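Protein chains in written order, with numbering that gives the first Met the number 0: chain A, 0 to 318; chain B, 0 to 205.
Be careful, since some hints might not be right.
[Unchecked claim] 27 Å max Cα-Cα, derived DSS-like pairs, lysine-lysine:
#	chain 1	residue 1	chain 2	residue 2
1	B	Lys199	A	Lys16
2	B	Lys199	A	Lys10
3	B	Lys199	B	Lys187
[As the list claims (entries may be wrong)] Just a sample of chain A residues kept apart from chain B, beta carbon distances all over 10 Å, derived:
#	residue
4	Ile14
5	Leu35
6	Glu43
7	Val48
8	Arg87
9	Pro228
10	Glu243
11	Asn254
12	Thr257
13	Gly274
14	Ser281
15	Asp288
16	Gly290
17	Ser317
[Said to hold, decoys possible] So the derived label-pair ranges between C-beta atoms look like this:
#	chain 1	residue 1	chain 2	residue 2	range
18	A	Gln258	B	Gln164	42 to 52 Å
19	A	Gln258	B	Ala105	33 to 43 Å
20	A	Pro289	B	Arg70	21 to 31 Å
21	A	Ala64	B	Gly78	21 to 31 Å
22	B	Pro173	A	Arg266	23 to 33 Å
FYI, nobody ran anything at the bench for these hints, they're computed from the structure. Treat the numbers as computed from the prediction; the structure is a model and nothing was measured. Where is the CB? At the ideal position from N, CA and C, for every residue including glycine.
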Amino acid sequence: MRSTDMKDEMKDDEILKSYLLGGLDEEQADDLERRLLEDGDLFELAEAVEGDLLAAAAHGDLSPAERGRVLRRLAASPEGRTRLALARALTSLSREKVPAEVLAFRLLARPGARAAAVAASLAIAAGGFWLATQTVMPGPGTGANMIARGLPAQPVPARQEVRPEPAAPPLDRIAGQTPAPATPPSMKEGIAPRQEPAGRPEPAPLLLQLALTTVRSAGGDIPRLEIPPETRQVEIQLPLSPGEPSTSFAAILRNASTQEEIRREERIGAREVDGRRVIAFSLPSTDLDPGIYEIEVRGIGGPEGDDLLGRPMFEVASN
Amino acid sequence: MSDTAGASRTARRARTEGLTPESLDALLLFLDADRHRAGLQYEAIRRRLVRLFEWRGFGNPEDLADETINRVARRIQEGTEVRSADPYGYFCGVAHLLSKEVARRASRERAALEREEWQPALAAEEPDADDRLDCLRHCLQRLPEEQRELVLRYHQESDHIRSRQMLSRQLGIPMNALRIRVHRVRRKLEDCVRECLRVKSIRDRR
Numbered sequence: 000m001r002s003t004d005m006k007d008e009m010k011d012d013e014i015l016k017s018y019l020l021g022g023l024d025e026e027q028a029d030d031l032e033r034r035l036l037e038d039g040d041l042f043e044l045a046e047a048v049e050g051d052l053l054a055a056a057a058h059g060d061l062s063p064a065e066r067g068r069v070l071r072r073l074a075a076s077p078e079g080r081t082r083l084a085l086a087r088a089l090t091s092l093s094r095e096k097v098p099a100e101v102l103a104f105r106l107l108a109r110p111g112a113r114a115a116a117v118a119a120s121l122a123i124a125a126g127g128f129w130l131a132t133q134t135v136m137p138g139p140g141t142g143a144n145m146i147a148r149g150l151p152a153q154p155v156p157a158r159q160e161v162r163p164e165p166a167a168p169p170l171d172r173i174a175g176q177t178p179a180p181a182t183p184p185s186m187k188e189g190i191a192p193r194q195e196p197a198g199r200p201e202p203a204p205l206l207l208q209l210a211l212t213t214v215r216s217a218g219g220d221i222p223r224l225e226i227p228p229e230t231r232q233v234e235i236q237l238p239l240s241p242g243e244p245s246t247s248f249a250a251i252l253r254n255a256s257t258q259e260e261i262r263r264e265e266r267i268g269a270r271e272v273d274g275r276r277v278i279a280f281s282l283p284s285t286d287l288d289p290g291i292y293e294i295e296v297r298g299i300g301g302p303e304g305d306d307l308l309g310r311p312m313f314e315v316a317s318n
Numbered sequence: 000m001s002d003t004a005g006a007s008r009t010a011r012r013a014r015t016e017g018l019t020p021e022s023l024d025a026l027l028l029f030l031d032a033d034r035h036r037a038g039l040q041y042e043a044i045r046r047r048l049v050r051l052f053e054w055r056g057f058g059n060p061e062d063l064a065d066e067t068i069n070r071v072a073r074r075i076q077e078g079t080e081v082r083s084a085d086p087y088g089y090f091c092g093v094a095h096l097l098s099k100e101v102a103r104r105a106s107r108e109r110a111a112l113e114r115e116e117w118q119p120a121l122a123a124e125e126p127d128a129d130d131r132l133d134c135l136r137h138c139l140q141r142l143p144e145e146q147r148e149l150v151l152r153y154h155q156e157s158d159h160i161r162s163r164q165m166l167s168r169q170l171g172i173p174m175n176a177l178r179i180r181v182h183r184v185r186r187k188l189e190d191c192v193r194e195c196l197r198v199k200s201i202r203d204r205r
């Protein structure tokens, strides 16, 4: 995470905690409440911070003054008291420790987080078939690798390389790679585009598959896309988790540095790709100058209103 | 949620909150020309107002949120020009005025209580702690395994701050993203436990 992002994150945390404990003056509180009413993400973060404060009160981690404020402000209503009681109950049930490595492995091993690795491993090769998708995995030094090292006996989904099979189309037609069949593309470098079948007049869209949970790793790496000059369309596929209840989605592509909105699509339906529901976001390659991007993906009209599903990031490399 | 279903739910809630059909229509139009989107915004605003009143320490946040909405709807229907650049700012302004009124009223009630002129309503009976624990166990079992483990690990008693930071690093996500994931699981548990306790209390009364 960039240091400015971390600073902003901590600043929001501190302001929200201060607000919830009654530490802001009237003007600051009014101003924050206006933002909370308008900004769904900030509002959700406020609820999460409230949950943490209630848990801390249940744990006995707060000073007497802070605990008093939590009880007076956050547990004044029947619902607030219910949340506090739930926090106490969760604390008492969590006494059985779950080993951190096992938990993280299981979390990373679930289908949604594994979609990228599984899809990338499906390199079907036989004369005329071509590589369909390339999915991106976290860079080095991230949770997946740490877990893989920590639990060698476990069937950890390893960092997935794309290995062009010997019968695959000539590598020099795959962007970002040198024509050296023995060298698989690095996960950091190579997003192999869909291979163009013979005779098709128009180049097929360049395909990028991003897990919704793709985030910048602890080492600062994010998936990297090289767009060949002849590419006209880029299609970004985002696999959905199997239990995703929404049937309509919205996606907003932004420049991650400036937050400038590049493209927005509403009411996107999911489609089946390789037995998985994915949403696909297409745009002209000319919209993707070199830089870092994020796609905000929301499920629309679910049981609890619009639901933020993820904000995966990727980088477009300079040519 | 279909347009019809969403609009019906909003209309049903509005009727119980004292909004006339005309004032509701005016309010929805104020929020968005599309009635379905307006209904979603209405629900979102109401929910957030309830929480803002909770966070300000009021014991009856739902009533106050409804009163805020009623006042905004009445003003819109009466043709009061909304000067605020965004609808959220307007709701916020009305909510702040209401909270000041209520705080003044509460201060007078406290003074009356001290003079023994007024008795507050008794708090509703709280569920038994063991019942809540039983329901929570049941609800945890209903969660997907990874969510169950996530929320338990997050609330681990010993050194939970360090364990959360470790968890955040292992998952490769920022702390706030971890907080929000856990918060969503907690909300599921809250709803499940609430329903479980309701069923238990019905059974116990029989």
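Hints and how they fare:
1. A distance of roughly 35 Å separates the Cα atoms of Lys199 (chain B) and Lys16 (chain A); the hinted pair therefore is violated under the 27 Å criterion.
2. With a CA separation close to 43 Å, the supplied pair Lys199 (chain B) and Lys10 (chain A) exceeds the 27 Å bound.
3. A distance of roughly 18 Å separates the Cα atoms of Lys199 (chain B) and Lys187 (chain B); the hinted pair therefore holds under the 27 Å criterion.
4. For Ile14 (chain A), the condition that its CB be more than 10 Å from all CB atoms of chain B holds, with the nearest at approximately 12 Å.
5. Distance to chain B contradicts Leu35 (chain A) as a non-interface residue, since its nearest Cβ pair spans about 7 Å, not more than 10 Å.
6. Once the 10 Å rule is applied to beta carbons, Glu43 (chain A) is inconsistent with being away from chain B; the minimum gap is 6 Å.
7. Distance check on Val48 (chain A): its Cβ comes as close as 7 Å (rounded) to a Cβ of chain B, failing to clear the 10 Å threshold; non-interface status is violated.
8. Taking the minimum C-beta to C-beta distance to chain B, about 8 Å, the non-interface status of Arg87 (chain A) is violated against the 10 Å cut.
9. Residue placement check: Pro228 (chain A) keeps its beta carbon more than 10 Å from all beta carbons of chain B (closest about 33 Å).
10. Every C-beta of chain B lies more than 10 Å from that of Glu243 (chain A), the closest at about 13 Å, which supports listing it as non-interface.
11. With a minimum CB-CB distance of about 20 Å to chain B, Asn254 (chain A) clears the 10 Å threshold, and the non-interface call stands.
12. Non-interface status of Thr257 (chain A) relative to chain B is upheld: no Cβ of that chain comes within 10 Å, the nearest being about 20 Å off.
13. Every Cβ of chain B is farther than 10 Å from the Cβ of Gly274 (chain A); the closest lies at roughly 20 Å, confirming the non-interface assignment.
14. Every CB of chain B is more than 10 Å from the CB of Ser281 (chain A) (nearest about 25 Å), matching its label as outside the interface.
15. The Cβ of Asp288 (chain A) lies farther than 10 Å from every Cβ of chain B, with a closest approach of about 26 Å, so its non-interface assignment holds.
16. Listed as outside the interface, Gly290 (chain A) is consistent with that label: its C-beta sits roughly 21 Å from the nearest C-beta of chain B, beyond the 10 Å cut-off.
17. Remark: the non-interface label on Ser317 (chain A) is consistent with the geometry, its nearest Cβ contact in chain B lying 26 Å away (cut-off 10 Å).
18. Distance hint for Gln258 (chain A) and Gln164 (chain B): a CB-CB separation of about 27 Å, inconsistent with the stated range 42 to 52 Å.
19. Gln258 (chain A) and Ala105 (chain B) have their C-beta atoms about 42 Å apart, which keeps the hinted 33 to 43 Å range intact.
20. Range check, Pro289 (chain A) to Arg70 (chain B): Cβ separation about 52 Å, and the 21 to 31 Å hint is violated.
21. Here the CB-CB span from Ala64 (chain A) to Gly78 (chain B) is close to 48 Å, at odds with the stated 21 to 31 Å.
22. Between Pro173 (chain B) and Arg266 (chain A) the CB atoms are about 30 Å apart, so this pair conforms to the stated range of 23 to 33 Å.
Of the hints listed earlier, those the structure fails to meet are numbers 1, 2, 5, 6, 7, 8, 18, 20, 21, in rising order.
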